[in-house]
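Residue numbers (full-length UniProt numbering), protein chains in the order written: chain V, 1 to 587; chain P, 1 to 377; chain E, 1 to 298.
Just so you know, the hints here were simulated from the structure itself, not pulled from any lab data. These figures come from a predicted structure and were not determined experimentally. Virtual Cβ for every residue (Gly too), placed ideally from N, Cα, C. Mixed in with the good hints there might be a few duds.
Unchecked claim - A partial selection of chain E residues facing chain V, derived with a Cβ cut-off under 8 Å:
| id | residue |
| --- | --- |
| 1 | PRO87 |
| 2 | ALA99 |
| 3 | ALA105 |
| 4 | GLY106 |
| 5 | LEU109 |
| 6 | ILE110 |
| 7 | GLN112 |
| 8 | ASN113 |
| 9 | SER238 |
| 10 | LEU272 |
| 11 | ILE276 |
| 12 | THR287 |
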Amino acid sequence: MSADTRLRLVGYAAAALLIVLLPSLAPNPFYVHLGQIYAYTAIAVIGLNILLGLSGQMSLGHGGFYAIGCYATAILATTLGWPIGLTALAGLLLTLLAGLAVGMVALRTRGLYLAMATLAFGFIVEILAQRWVGLTGGTMGLMAIPQIDFGNFAMGPTYFFWVAAGLLLLCQIGSDYLFGSATGRRLRAIKESEAFAQTVGLNVPAWRIGIFAASAVFAGLAGILFAHQSGFVSSDAFNIRLTIGLLIAAVIGGLGNSWGPLLGTAVLLGLTETIASLHQYGPMIYGSILLAVLLLVPEGLVGLFRRLAGKRRQDAAVETAPARPAYEIESAQPRDLVVEGLSKNYAGVSALTTVSLSIAPGQVHALIGPNGAGKSTFINVVAGLYRPSAGRILLGGEDVTALAAHQRARLGLVRTFQNLQLIGGVDVLANVMLGMRARDGIVTDVARWFTGRGHEAGEREEALAILELVGLGPYAHHLPKDLAYGHRKLVELARAIAQRPSVLLLDEPVAGLNPLEAQAIAGIVRRLKEAGITVLVVEHNMDFVMGIADTITVLDFGHAIAAGLPAAIQADPAVLRAYLGQETQAA
Amino acid sequence: MKRARSLALAAAIAAFCTSALAQETVKVGVVQGLSGPPAITDFGESYLQGLKLALKDHLAKSPKTKIELVVYDDEANPQRAVSVVQRLVQNDRVPVVVGTVSSGNVLAFAPILQRAGIPLVAGPSIATPITTQFIDQKPSYIFRCSMVEKFQIEAILDWGVKTFKKIGLVHSTTGYGSVTAKEVEAGLKARGRELVATEAAAPGVNDLTPQMIKMRDAGAELVLNFHESFELVYRPMARLDYRPVIAGNWGLSSLKVEQIVGREAIEGTVMGQALDLADPKAKAFDDRMRKEYGSDYRWPVLAALGYDTGQVVFAAVEKVGKSDPKAIRDALEAIDGIAAISATPAKPFSPTDHECLDKEHVFLGVWKGGQVVRLKY
Amino acid sequence: MSFTNALQLLISGIAVGAIYTLTAKGLFIAHLATHRLNFGQGDFLMVGAYLSLGLLLAGVPAPLVLLAVLAAMAILGWGLERVAIRPLDRAGDQTGGYAWVLTTAGCALILQNVVELVWGKSAQYAPPIFSATRNNVVRIGEVGIFVEELAIILVAFLAVTAFYVFLFRTRWGKAIYAVAFNPEAAALLGVNVKGTVILVFVLASMLAGISGFLVGPLVSVQPHMGLVFTIKAFAVASIGGFSNPLGLLAGGLLFGIAEAYSNYFDSAFGDLYPLIAVLILLAFRPTGLFGTRAADVR
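The shape of chain V in the complex, shown without the other chains (with noise of 0.2 Å):
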C-alpha cells in the first residue's frame, strides 16, 4: 500500500468519524444546519469539477440541473405522494435525461458558444420554474415537501445530515475513483487533445456526453437533497447566481484536484455568511477575494496547501525494476493495410487524387514527397480524422472507410502525430498506458484502487517494460513537458506499441531528431516489422526511409508519381523533377 493510499483510507475515515460526530461536537444547530448546506452543495461541486477540471468542457447552466432535480423529487413527493427514496430516484433519472439532452448540445458547440448555450438552458429553467405556476407554485413555491427525519421530528436535521453528509462521502470516494483510475486518465486525454483520444480508440462523443450527464446527475443530486432539506422550494433559489456560486467554489478549491471541491465550498460558505451581515460592502468583498484567489493562488486552495507543506509530486526511479522481463513487442494480429484510389477535397481544391497503396503484413512502406504532397493529409484520411472524398481504405481486407477514428484504432490501426499529442497532465508512464485496455472489470478495478493493492499493476508493469523498451525507463515518472524533444517522440511511439497495433502509421518519426535518436527509432521500427506489424511511414529524412522501408510511394501535388522498390525510387526521373522543382512537368 502506497503512502497516498494509506493517507486517502485514513482521510475516508477520519471524515466518516466527523459526520457521525458533529451533530453532537456543534455548539448549536446552526453548524448542522451549515453542515447540511455545506454536504449537498459540495456534492454539486464534484460534478462540476470533474466536468470542468477533468474534462475541459464548460457549463454555466448547472443552477438547472439543480433546479430539475430538486422539482422532480419535491413534485413527486407532494402530488404523488410517493416515497422519499422512490422521488429521488426519478429525480436523478430526470437529470440523467436533461443532462443527455444538454450535453447532445454541448458536444457539437465549444468554448463561447458552449458557455452561452449552457447559459441559455439554466435561464430556460429558470424562467419555467418562475412562471410554470401550476407545476411549481413559481416564487410562492412548493410547501410542505416532507423531510429527511425517519419518523422522528426533533432528530430531523441530525438525520438529514448524516444522510446528506454520507452522500457527500460517497461521491468524494467516486471522485477520487475517477481522478485516480484509467477513466480520468482518458478524461484528461479527451480534453487536452480529441484527436489524440481518437486515436488511442475513445469513442469521444459517447465520452463528453457521458461526463456531462454524470456532471449533471451529481447537481441533480444536490438539488433533491435540498428540497427535502428545507421543505420548501421556490424558483428565486435557481437564478444564476446558484451557477455562478458553484463554479467560484469549484476553481477556489482548485480545478482538476479531487479534493478541490471539499475546499472551494467551505471557502464559499464561509463568505457568505461573512457578508450576511456586512451587506454593504458584500459584492465587494466577494469580488475581491475572488481575483485574489484566481490571481495569487491560480491553482486553487489544494495547490496552496501543497506549496505550503513543501509536498512535491515524488521524484522519478522509484520504480528502479528489479530484473523486470525484457518487453515483448505483440501485434494484435498480423494485417495488411490497402488504400483503393483514395481522394480528398478541400473546398474545390484537392489534396489527393486517386492514390491506392498496399502494404503486405510485417511490411514497412514509406510515404515521401515534398512539402504540401499531401502526406499529411493521406495518413489522416487513413486514420479516420478526416473523411475521404473517394476512394476505400482496407484493413486485413475489411473495409473500415466509413468507420469513425476510434473504431479504426480498436481493431488495431494505430498512429503516432507530427505534432506531438501527449497529455500535459499525466507523467509518462500514463500516457504509455493511455493505449492500453483495461484488464480488469469495473468491480475488480474499484475494489483494488480502493484497498491500493495491485491497482492497474498489470498494466502499469507492461508500461514500463515498454518504456525500457524505448530506453525511457527513468523517465516514467516525469511530466511529458519535462522531457527533451526526441524523448518525448519516444513516449509517443511507446504509446502507439502499447496499443498493440497491427498496422502502424507514423507520421514524421525522426522530424527535429539528431541522427543517433534517429538511429534508435529505426531500430525500434525494425523490432516492430519483425513482430509482423505492418508499418506506413510519412518522413522527410531520406537516410532513415531508405534504411527502413521495404517499399516507398512518393507523393506530388496529391498524385502518386512512382512507388516500387527504394533503389528504383532514388533512380526515377519523375521523383528527381518533383523534389529538384520542375513543378510544371510534375503537376
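Assemble chains P and E onto chain V, guided by the hints.
Just chains P and E now, kept in the frame of chain V:
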C-alpha cells in the same frame, strides 16, 4: 456612510460574540433583502431605515432593557433566507425576528419560526396568505406590519370600477406578479367586470412598448401596474401617444419613481397607501427621515411602516424585559397605545388579528404636485 | 396585428438590438485578440451610464461628458486588463481556461459595489442627451421614435462600419488579427502583443462607455442592470458568430426584434422564446449563423 459602516460592524461583532452581554441586552433579529436589484433593495433598505430610526428613538428614552439589532441580508433568495433565520434562532438566539421583502422567503421561513416558537413580525412582504395560514394555530407566532396585497387591490378596484370603463393590467412574471394578477382578476370578477387586457413582463426587461401597445389597442383607460420596476410603464407612453391613468402597488409612491419618470408623468397615479403626508405627525417624520438619511431616503410609507414595526417590537421587548420568545409573542399580541406614523392602529394585534394594517386602514394615495396625498373619490 | 403596430415594434426592436450590438461589439473585439472577454461588459456599460448621468446632472455639457466618460472608461479598461486578464497568462491552464469568467466577474462585482456606495442601490434618473425634455418623440406616420433611440441606432451602425474599416484597413486592425492568429509569430513580426491586448480591452471598455452614455435615458439605470446586457450581448455574439463583425449587427438586430415581437405575442413568456431559439440555433449551427467553424487544428 460612516454610520452605516459602524452599524454593520456592530451587527457583525454582535453576530460573533454571543456570550457575555446576552443577559442584559435583547437582540432583535432582522432579515431583509439588502442586495440585488432595486425591486428588492428599495423595499428592504427603506424598511430598515425606519426600523433603525425607531431603535434610536427607543434608546433615547433610556429604557430598562437594552436592544440591539442583528441584521442579515437574505439576497432575496429563499435558500439564504432559511439559512440566516436558522442562524438568528440557533446561533444568535434572538427572541424575535423581523423580515423580509420577498413573500416567498417569508413563506419559506415562517413555518420554522412557528415551530421554534419564536415570534416573527413580517414586513415589508405583502402576499396575502402570510399570516392567514398560521392564524388558526394556537398560538400563532406569525405577525405582520406591512401592506396586505388583498386590501390594496380591493381599494384600487373599488375605486377603479367606479371611475373607469376599461381596465388593463401589467404585471411582472415573478411569483409576486402572477399571484397578484390572479387576485386582481378574481376581484374584478366579483365586481362583475373583466380586464380588457392582461400583459406580463420579465423582471429584467427594459422596454414595455409591446405590452403598452396591447393596452392602447384594448382601449384601457386605467392600467393597473404590478411590475416591480415601477417606472417602466411610463416610458412608452409618449411614443405611443397614449396616456392612461396608472394605479397599482404601493411602490408607486417611491420618490425614486417620481424622479425617474418626472413630476408631470406621475401626476394622478394612484396606489395603495398607509401613510397620509397631510397628517402633521407623518410630515414631521418625513422631515426627520430626510435629515437623517438624505438622498438615501426614498420611500415614506415603507420607512413609516418600518418605524412602526420597530415601535411595536421594541415596546413588547421592553414590557417583557428579557430574551423570552413566548412572553414577547404574548406582549406583541397585547400591545396597545402605539403612536404610529402610518395608518397602523394604537392596538395593532389581537389573538384573531395578526396584521398591523387591516382593510379599513388601507386607503388610496395619489401623486399630486410632487407629493402623495389621500385620494378623495 | 396592424401594420403600424408591426412597424412600431420593429423600430423599438431595432433600437434595443442596437444597444445589444454595441455591447456585443466589446465582447467581440476582446475575444478576437485574446479568446477571453469581459464577463462584466454589461457592468462597464452600467458604470458608463452612471458617470454620464452624474456629470449631466451636475450641468456638464453633453460633448464634454462623452469625452470624460470615454477617458474614464479607457482607464478602467486598461485597469481590467492589468488586474483580471494579464495575470492569467502566468497562471496558465490551471484554472481550466475559463478563469477570465470569474476574474472579470469579480471586477464587475467590485464596480457594482462602488456604484452602490456612491449613488445608492435604487434606480436613477438619467437625463436625455439630445433633447430638452424627457419625451422627445419624432413621429413618422403613427410610429413614434425617441430621439435617443435614433441616436443609438445611428451610433451602432457607425460603430460597426468604423470597426470594419479599423479591423481590415488599418495597421492596428491587422495587428489584432495577427495576435489572434498566433501571438508568438506576431511578436516575431514586430507586433507589440502586450500593447495590442491592452488596446482591445481599452476599446471594449470605451464601447461600453458609449453604450452607457446613450442608453441611460432609455432604460432603468441601476447598479444591477449590467448582467442582463452581458447575457443578451453574449447571446447576440453567439448568434452572429464571435468571429464575424458584421454577423454581430445581424445577430443584434435579429435578437432585439425577436424580443419585441415575442413580448407582443406572449408577454408572459416573452423572454423565453428568444433563448430557446438561441439554444436550438447553437445545436444546429454550433458557431452561430455567420461564424466559421475552425477544425481541431493541431
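Results of checking the hints against the structure:
1. Look at PRO87/E: its Cβ gets to within about 5 Å of chain V, closer than 8 Å, so that hint holds up.
2. About 5 Å separates the beta-carbon of ALA99/E from the nearest beta-carbon of chain V, less than 8 Å, and the hint is met.
3. Nearest Cβ of chain V to the Cβ of ALA105/E: about 7 Å, under the 8 Å cut. The hint holds.
4. Because the beta carbon of GLY106/E sits about 4 Å from the nearest beta carbon in chain V, less than 8 Å, this interface hint is met.
5. The criterion of a C-beta within 8 Å of any C-beta in chain V is met by LEU109/E, whose closest approach is roughly 3 Å, and the hint holds.
6. At its closest, the beta carbon of ILE110/E sits 4 Å from a beta carbon of chain V; the interface hint therefore holds under the 8 Å criterion.
7. Annotation: interface hint on GLN112/E holds; nearest CB of chain V at approximately 5 Å, less than 8 Å.
8. Hint status for ASN113/E: holds, given a least beta-carbon distance of 4 Å to chain V, under 8 Å.
9. At about 4 Å, the closest approach between the beta carbon of SER238/E and any beta carbon in chain V falls short of 8 Å, and the interface hint on this residue holds.
10. Taking 8 Å as the C-beta cut-off, the interface hint given for LEU272/E holds, the closest approach to chain V being about 5 Å.
11. Contact between ILE276/E and chain V, as hinted, is supported at the beta carbon level, the nearest pair being about 6 Å apart and thus within 8 Å.
12. With 8 Å as the threshold, the beta carbon of THR287/E comes within range of chain V, its nearest partner Cβ sitting at about 6 Å, so the hint holds.
The structure fails none of the hints (numbered hints given earlier).
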